[in-house]
Structures are given as structure tokens and as C-alpha cells.
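J.: One-letter residues, chain by chain:
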Amino acid sequence: MSHIDTIPDEPKPLVRFARMLWADKFALAAVLFLLTVLVLAVAGPHWLDGAAQKQNLRGRNAPPFEWERGWLWVLGADALGRPLLARIIVATQNTMMIAAGAVVCSAAIGTVLGLIAGYAGKRTGEVILRLADVIMSFPSLLLAVVVLYILGPSVGNLIVVLSITRIPVYLRTTRAEVLEVRERMFVQAAKVMGASGPRIIFRHILPVVLPTLTTIATLDFAFVMLAESSLSFLGIGIQPPDITWGLMIAQGKQYLTTAWWLSFWPGLAIILTTLSLNLLSNWMRIALDPVQRWRLEMRQTRKGETA
Amino acid sequence: MIPFIRKRAFASLVSLILLIVAVFFLSRLTGDPAALYLPSEASEEMRQQFREVHGLNDPIMVQFGRYVWDLLHLDMGESIRKARPAFDVVAEAFWWTLQLALITMTLVTGAAIVIGSLAAFRAGGFFDRVASVTSLIGASAPDFWVAIVAIVVFAVGLGWLPTSGTGSVWHWILPIAVLFIRPFGLIVQVVRGSMITALSSAYVKTARAKGVKARPIIFVHALRNAMLPVITVIGDQAAALLNGAVVIETIFGFPGVGKLMIDSILQRDFNVVLAAIMITAVAIFLMNLLIDLAYSALDPRIRH
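Protein chains in written order, with this note's numbering: chain A, 1 to 307; chain B, 308 to 611.
Don't read these hints as lab results, they were simulated from the structure.
Accuracy of the hints is not assured; some may be wrong.
Stated by the list, open to error - A few chain A residues facing chain B, derived, Cβ under 10 angstroms:
#1 Val37
#2 Leu48
#3 Gly235
#4 Gly252
#5 Ser276
To be verified - Partial chain B-side listing against chain A, Cβ under 10 angstroms, derived:
#6 Ser322
#7 Gly338
#8 Val463
#9 Gly464
#10 Leu465
#11 Leu468
#12 Ile569
Ideal placement from N, C-alpha and C gives every residue a C-beta, glycine not left out.
Here chain A stands alone, though its shape is the one from the complex (with noise of 0.2 angstroms):
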């Protein structure tokens, strides 16, 4: 603390994020790990989909870390020869794709309509609300079971059922923040100045509801991912020859008592994937909002100074 009298310069929005970052170091392990799933997403299937789809009737069920198989082994085999460790990476970029367009399609709904109910009469938000309702309590199993027998099953509908379930969410975050929101001084001095609507929206609301969301829509990522893995287990989600995670779990789940390893490890990686994204949430928490900031910056400089 001897440069008391000097203040220094802001720093850039990105070395200070990534500052706020180094500080906790769970978030930073979070942040890798994802990192990671996220190349396997991209990569994966192009890298691998040849070896986990080859069957090897000689390895059915090989347990797990017999090294002489090869690194793809490693994790042992399913029932039908194919590599476990192979099978997960593919199995990533259904995964995170389905929780992914879920995440983005009913944030943006939601926060539309969110916006929307708060802003406009009481009426509008009234309708919207109810509606909110309606879909809250409408069974998602049932929806999930008529997209399937409607439209078939397949991962862009599987994102249609997740997103149209998870969008009261966002809409009743977004609307109790509006309502408080838009009664601030400098919503009215814009209304004062002639601004439109979609303006005052869009423009002076938005940014500041934006940071709560984005912390929700981390948290909510994680949830969607298991209620896909829960409907995949049920056998209403995904089917085969896709593969997700969820599914991995239920396939092994009739080898259970002889082959533990088939369904463990995709559940192993659902688990470390969505505490990943609860500590991402955790930290963004504090890191996106002003008035909490200073706690990461804060032991940031107290290290510093005590290496």
C-alpha cells in the first residue's frame, strides 16, 4: 500500500477479467476444464468417431486400465468392444450442443418476453405471465414424449423440447428486474429525452440485467444438461446411434453389477462438467458485478504484495 497517492489507470476490461480469474483459483481450474470439453466438442467426433464406433467383439466389457489396449482403452469398453474413453469425447459435442442451443434459445425467448412483460402495461405482462405459469407446470415429459412421436427424435428437437421448458426462467428473472430497473433516473431522463421503447429497452435496460443473466444462464447450462441426460436415460431423448452422455449411463445400466465402468464414467464427466459450470457461476457472480468486484481484486493485490 505505498502507492497510496498515485491512482493507476483502469486496466483493459480483458487483462482485468483475466486477473479476477487467476484470484480464484477453482474458477480457473472451472474455466480450463471447459475449455477442454469444449475443444473435445469442436474436435472430437471429426478425431474419433472411426474408433468409437468400431466394434471389437474380443473386448466387450474390457474393465478399465488395462494399458496394453492402448490409451483409448483406458477407460475399458462397452458391450460391444467399442473404446469407453473414444465413445465420451464423441459423445461431447451432442452433448454440449444440445445443452448449448437449449441455453441460447430459451435465454433469448425469455429475456425478450421478460422484457416485454416488464416494460409494457399490466395487462401485456399479466398474459405473459400466465403463460409463464402454463409452461412451468406443463408436464416436460409429455412434451418431450409428443415432439418424439410428432417430429422424431433428433438433437434439434430435443433443443426445441429443453428450451421451450426453461424459458419461464429467464422471462420472470428478467421481468422482476425490469420493474425495478425502469423506475431509476436515467430510464427516465431517457424517456424525458424522447427515446423510444424498443430504445429504452434494448439500450438502457438491457446492459444492466444482462450480468444476472448471464450468471443464470451458467447455472442453467448445467441443469439442462442433466434434465437432457434424464430424458435420454428415460429413453424420450436422444436415440441410437447418437449418442450423449445421458445415454452412455442408461446403456450400461443392465451391466451394471458386472461392468460398473460403462455407465460411471460418462457420469463421472456430466459431474465434473456441471460443477465446472457452478463454479464458473460462482465466481462470475462476484466478477460481473461492480459492487462486488473489489473481492477478487482485492486478494489479487494482497498476494501480490506477500510474494
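Given the coordinates of chain A, work out where chain B should sit on it, guided by the hints.
T.: Below, chain B without anything else, positioned relative to chain A:
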């Protein structure tokens, strides 16, 4: 209070009616029950007769009109699968789910409040770190994966507990333990966050300055004020359990409303689906009322 309940009941009723209409028409899009309940070699006559018996022959608007008319006479129709009134089928399953939800939520609430409060009291300490990491892992685990790992370990491997079904006290342990994990993880985090705020408030500092001991400060002064957000989350989680823990009930062969729901959807037993939705909706409405009462009991400033 009474006008408040009336207003809430009206809003919920509107949502419920919209929901029933949506479910009635959407569920019929999943296919024809006759194709499912009759053997594949059944003649077209037999199929016609089956549809006639279950009233599936008429135009869909006529079917809907009849359903609404029966509903107004408190008749929810027959279950195709069980050949019994749909209400009875659902009521039976709901009783199982209600017991499961009550026991689980009582345990979760007690454990989460104690552990979350203690973690908040020494925020950043060893206990807090352990509690935070465990609760985060708990909130991140897919419950069906935990369920099958638990079956492998405790039922198959060690042979201590039955794998599935009902009948004895032992059958309840695994489902409750698995259902416990995720709500527990979530609620501990909310309790902790809310308690940290409450413990740094002025009235707690005053109590400390006056020499009040740690335990009354945590559980009397701070906890009561920290409970509002906690109750909201408890309500959400309890509602999810009342809707039926579909996957867990399926894995453990538990005859609750979640398993009934998925079975009835897959077997096109439309009346049971509708009855299950209505009964759980009423239960969740009553629970939300209780939660609102709890709000005003905890914080007298909240009046309806």
C-alpha cells in the same frame, strides 16, 4: 388474507384450465391407444369396438366437451390401463409421493439449515470449505447416476439394502438418500449466503457486543432473518418432489406419481395424465399458500 387467497386461487385456476386444455389436445397427438392395447393381429372391428368403449371414436371436440362435462361433475374418467377410476389410481400414487417428499424435505431442511449456518458463522474456515465443496458436488451430480452407483454399492455389492420396490423401512432408505442430495446442496448454499449477510448486520453486532453467546446469535437472531430466501428455495424443491421424481421412482420401482406419469404418458392413458396433473397442481397451490403464510409469520412486515 381472504381476498389475497381468492386472487391467488383465481390466477392459479386460469393457469390450470389453460394447462388442461393444452394437455388434453397435445397428449392425443402421441397416438392411438387402440394400437397399443390390442395385439397387432386384432381386426379393425375390434379396434373400432375398443375406441367405442373408451369414447375415442367421436370428433376430438366432442371428446373434450364430454371430458369437461364429467369434470364439472367431479368425474375424472377411467384409466384405460388399470380399468379403474383415474382419480383413485392417481390418489394412491400421490400418497406414496407425498410421504417420500415430506420425509425427504424434512431431513433436507433440518440438515441444510444447521450445516449452512455453521459454515456461514466461520466463513472461509475449514468447515465452510468442506461444506461448500460437498454441497457443490451434490448439486452437480445427476441423480440417476448417483442412484445406480448407490444400488451397485449398497444393494448389490454390500447387500445391505434392497435394490427396489416397497414393503419395509429398508426400501425407503436408498430413494430418500438419493433424493436428499441435490436439494441439500442447493439449500446449504442459499442458507450460507443468506446467513453471511444476516451475520454482518448491525443487530448481530449489537448482540455480540452485549455478550450474547454464539449459538443464540446464529439460531435465534440471524437465522430468523435469513430464512426468507431459504423458504423460497425450499418451496421450489418441494414442488419438484411433489411433481414426482420420475427418474428416481423409475429406478427404485417406487409406485409414486412420477412413475405413474411417465408410464401413463408412454401408454397413452390420457385420463390418468390429466388427473395426475390436476391433483399435483392443487397440492402445489396449497403448498405455495403455506409458504406465503410462513413468510408473514417470519417477517411481520409482509402482510397480504
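J.: Does the structure break any of the earlier hints, and which numbers would those be?
T.: Hints 1, 2, 10, 11 are the ones this structure does not satisfy, whereas the remaining hints hold.
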